[in-house]
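Taken in sequence, the protein lines are chains A and B. Here the numbering used here is used: the first residue of the first sequence is 1, the next is one more, and so on. Here the numbering used here is used: the first residue of the second sequence is 1, the next is one more, and so on.
Keep in mind that the hints were calculated from the coordinates and are not lab data. The hints are all genuine.
With a Cα cut of at most 20 Å, we get these calculated PhoX-like pairs of lysine-lysine:
#	chain 1	residue 1	chain 2	residue 2
1	B	K54	A	K328
2	B	K54	A	K138
3	A	K328	A	K138
4	A	K234	A	K214
5	A	K54	B	K138
6	B	K54	A	K142
7	A	K195	A	K234
8	A	K54	B	K142
9	B	K234	B	K307
10	A	K4	A	K290
11	A	K307	A	K4
12	B	K328	A	K54
Since we're looking at a predicted model, the values are computed, not measured.
Residue strings, one per chain:
2 protein chains.
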Amino acid sequence: MSDKPLYIDNLQYVNWQPHHFQEMADGQLSAVHITICYHESFRETVTNFSTFNKWFEAYPDRLMRGLTGDDVREAHRTGKTALVFGFQNCSPIEDDIGLIEICHQLGARFMQLSYNNQSLLATGCYEDEDPGITRFGKQAIKEMNRVGLVVDMSHSADRSTLEAIEISERPIAITHANPHWWHPARRNKTDEVIKALTDAGGMIGFSIYPHHLKDASDCTMDQFCEMIARAADKYGIESLGIGSDLCQDQPDSVVEWMRNGRWSKVMDYGEGSADNAGFPAQPSWFETIKDFPNIANGLSSYGFSDKDVAAVMGGNWLRFYDENFGPKL
Amino acid sequence: MSDKPLYIDNLQYVNWQPHHFQEMADGQLSAVHITICYHESFRETVTNFSTFNKWFEAYPDRLMRGLTGDDVREAHRTGKTALVFGFQNCSPIEDDIGLIEICHQLGARFMQLSYNNQSLLATGCYEDEDPGITRFGKQAIKEMNRVGLVVDMSHSADRSTLEAIEISERPIAITHANPHWWHPARRNKTDEVIKALTDAGGMIGFSIYPHHLKDASDCTMDQFCEMIARAADKYGIESLGIGSDLCQDQPDSVVEWMRNGRWSKVMDYGEGSADNAGFPAQPSWFETIKDFPNIANGLSSYGFSDKDVAAVMGGNWLRFYDENFGPKL
Chain A
1 MSDKPLYIDN LQYVNWQPHH FQEMADGQLS AVHITICYHE SFRETVTNFS
51 TFNKWFEAYP DRLMRGLTGD DVREAHRTGK TALVFGFQNC SPIEDDIGLI
101 EICHQLGARF MQLSYNNQSL LATGCYEDED PGITRFGKQA IKEMNRVGLV
151 VDMSHSADRS TLEAIEISER PIAITHANPH WWHPARRNKT DEVIKALTDA
201 GGMIGFSIYP HHLKDASDCT MDQFCEMIAR AADKYGIESL GIGSDLCQDQ
251 PDSVVEWMRN GRWSKVMDYG EGSADNAGFP AQPSWFETIK DFPNIANGLS
301 SYGFSDKDVA AVMGGNWLRF YDENFGPKL
Chain B
1 MSDKPLYIDN LQYVNWQPHH FQEMADGQLS AVHITICYHE SFRETVTNFS
51 TFNKWFEAYP DRLMRGLTGD DVREAHRTGK TALVFGFQNC SPIEDDIGLI
101 EICHQLGARF MQLSYNNQSL LATGCYEDED PGITRFGKQA IKEMNRVGLV
151 VDMSHSADRS TLEAIEISER PIAITHANPH WWHPARRNKT DEVIKALTDA
201 GGMIGFSIYP HHLKDASDCT MDQFCEMIAR AADKYGIESL GIGSDLCQDQ
251 PDSVVEWMRN GRWSKVMDYG EGSADNAGFP AQPSWFETIK DFPNIANGLS
301 SYGFSDKDVA AVMGGNWLRF YDENFGPKL
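Please work from the sequences and hints to get the whole structure.
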């Protein structure tokens with residue numbers, strides 16, 4: 001193994017262009033979980049897979065597929081970045097349970113059961129009512145367990161999330177959110193949810209999307225690290241990682257797409273508002289992909305041990321990948 | 001390695017039901033190349049992949065994926081059958097070169113560039129004019145070479161086939177046809193085509209579809225073996241295999257679909273005729289999947305050496321799989 005630390009950012013939705021792949025190297029990232037779907041149909045999602053296939057072909061010395069934990073170790077050893085694909089919604093599987101394995105064959109490793117709204121599988125966190133996991137949802141979780149496609153409940157509602165944790169026979173993830181007790185945003189997660197998640201072996205990735213942060217864009221590194229320290233006390237360091245939710249270089253039209261998809265004729269501002277409708281400014285200490293190592297420095301300065309810094313910055317996600325990507329060993 | 005022979009049938013289009021998988025075991029088949037597309041769109045073809053995914057799940061002790069030559073060796077060693085997927089047309093890639101790699105990721109290993117008619121890539125053997133490989137076709141062959149999806153020209157016209165052999169930087173295949181000099185059917189291949197194919201390292205799989213046989217359903221094993229012996233003299237034993245084109249248990253509506261797809265409002269009888277429109281009766285020595293070993297016995301009785309029988313019955317296709325499935329080593 002290289003002496004360099006092994007870093008994983010378990011959620012980015014950058015407006016990917018080739019120069020960002022060099023920024024991943026500058027950010028010392030051995031793996032990034034990349035969102036390739038918000039509301040896309042199966043066919044549209046295949047085109048998104050295909051876009052990355054072209055980049056794997058064009059940048060073989062920089063990028064590789066992240067299908068297993070060992071792929072991430074190989075990326076770390078060879079100085080590459082492994083790309084792990086995920087969906088923030090279940091739209092790619094449409095109404096067809098067979099598409100779960102097909103998407104896994106194409107490289108998907110995380111799938112949210114719902115994105116803000118009710119889906120065919122579960123309820124999103126912006127609905128007024130949360131009837132829990134649907135009939136299709138129960139079967140989809142079982143199939144996701146079988147093939148090793150991780151259930152992600154980042155944008156789902158509480159009851160659905162608690163039921164998903166209960167129904168799933170393998171640990172699940174909340175790839176990008178923070179504790180509600182630290183910053184009571186609708187997208188942040190209650191103590192009950194995080195406790196149930198982590199008690200079942202699941203992982204939470206801490207988000208640096210300003211709407212999820214105390215003091216938003218002005219949140220300091222020290223505040224962020226204090227949140228992690230409190231979470232480690234409550235849930236154990238082994239359940240914690242980073243899922244920055246970085247939306248670098250995205251135009252504001254993309255946040256409209258994320259919030260409104262094709263479902264709404266009335267502007268939905270999601271976590272924003274009419275006078276703060278676009279992407280919010282990032283905190284100064286995490287503006288770009290390259291800034292990822294700043295978090296390690298912040299955690300060290302805050303007083304985390306080297307071992308705990310390594311766990312939060314990548315080691316925990318790596319263990320989770322080993323155990324949850326692909327069929328159960 | 002097991003002492004049992006390693007048999008490969010490099011083309012079947014059976015009306016697959018679970019009992020056929022046991023027949024594969026009875027037929028001692030370590031691998032079968034299975035057609036999963038004639039005219040299907042990408043989305044329809046994905047459903048066909050998905051159908052087999054369900055069977056891989058349901059019959060793990062009998063079936064496995066055939067993605068590499070080593071998969072076939074594992075199937076042989078463990079008494080399973082490896083299924084190799086192929087398309088008899090390029091319809092699954094639609095107009096999108098990116099779908100070549102996507103289909104390869106899903107398990108496709110052979111793709112015909114055209115099926116009887118003109119396609120976006122090449123000309124089929126029933127067209128009056130054959131303008132050769134198209135602009136898209138030239139790029140598609142290059143991409144198929146890159147990912148290791150074998151070009152199959154079984155149903156293509158002569159000029160297109162000769163051009164495909166020339167353009168392709170890796171050997172190609174005619175998975176199921178016989179020599180035109182033995183039986184001058186439109187689907188059988190000229191000496192010029194087979195010579196160019198095999199000189200470039202390509203393989204031909206001999207067909208037992210009655211329309212491709214001298215004396216059709218009455219063709220004897222001895223006649224079939226004599227054809228193979230003459231072909232071995234002309235092209236070398238190492239380029240020859242079996243691609244039976246067995247359409248066991250298919251209703252006649254399926255041969256109509258094969259011939260007419262969605263493109264024709266006038267009945268096209270293809271190799272048949274108005275008074276012989278359905279599937280023809282198989283020769284008595286190859287009626288079902290289980291009869292595959294009869295061919296080995298026939299070749300031995302005809303006078304082929306054990307080594308040559310093993311080569312034609314599976315060894316040659318296995319070598320071809322090693323060299324042509326997946327990126328070039």
